Amino acid sequence: LKPGKGVYGAYRLIRKKVPFLEEDVFMAPLIEEAMSLVESGEIIKAVEEEIGELD
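In the numbering used here, the protein residues as written are 69 to 123.
Hints listed in this document are in silico derivations from the structure and should not be mistaken for laboratory results.
The structure displayed is predicted, hence computed values, not measured ones.
Don't take every hint at face value.
Unchecked claim - The calculated DSSO-like cross-link candidates involving lysine-lysine, where the alpha carbons are at most 30 Å apart (straight line), are:
{"hint": "1", "residue 1": "K113", "residue 2": "K84"}
{"hint": "2", "residue 1": "K70", "residue 2": "K84"}
{"hint": "3", "residue 1": "K85", "residue 2": "K73"}
{"hint": "4", "residue 1": "K113", "residue 2": "K70"}
From just these sequences and the hints, can you work out the full model?
Put into structure tokens, the structure is as follows:
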């Protein structure tokens with residue numbers, strides 16, 4: 069399966085801040101980083117850059 073353009077834009081942004089985990093780690097800082105992307109609107113901006121303005 070291949071993600072849609074908007075999903076892929078969000079995924080790329082998240083991966084810049086939250087790395088893929090191959091082993092167990094303390095996740096609180098990573099969760100906080102992901103939440104900051106949501107709260108700041110950066111996720112929406114990344115999606116809109118790919119697919120245009122959301123309503």
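Non-conforming hints, listed in increasing numerical order
Violated: none.
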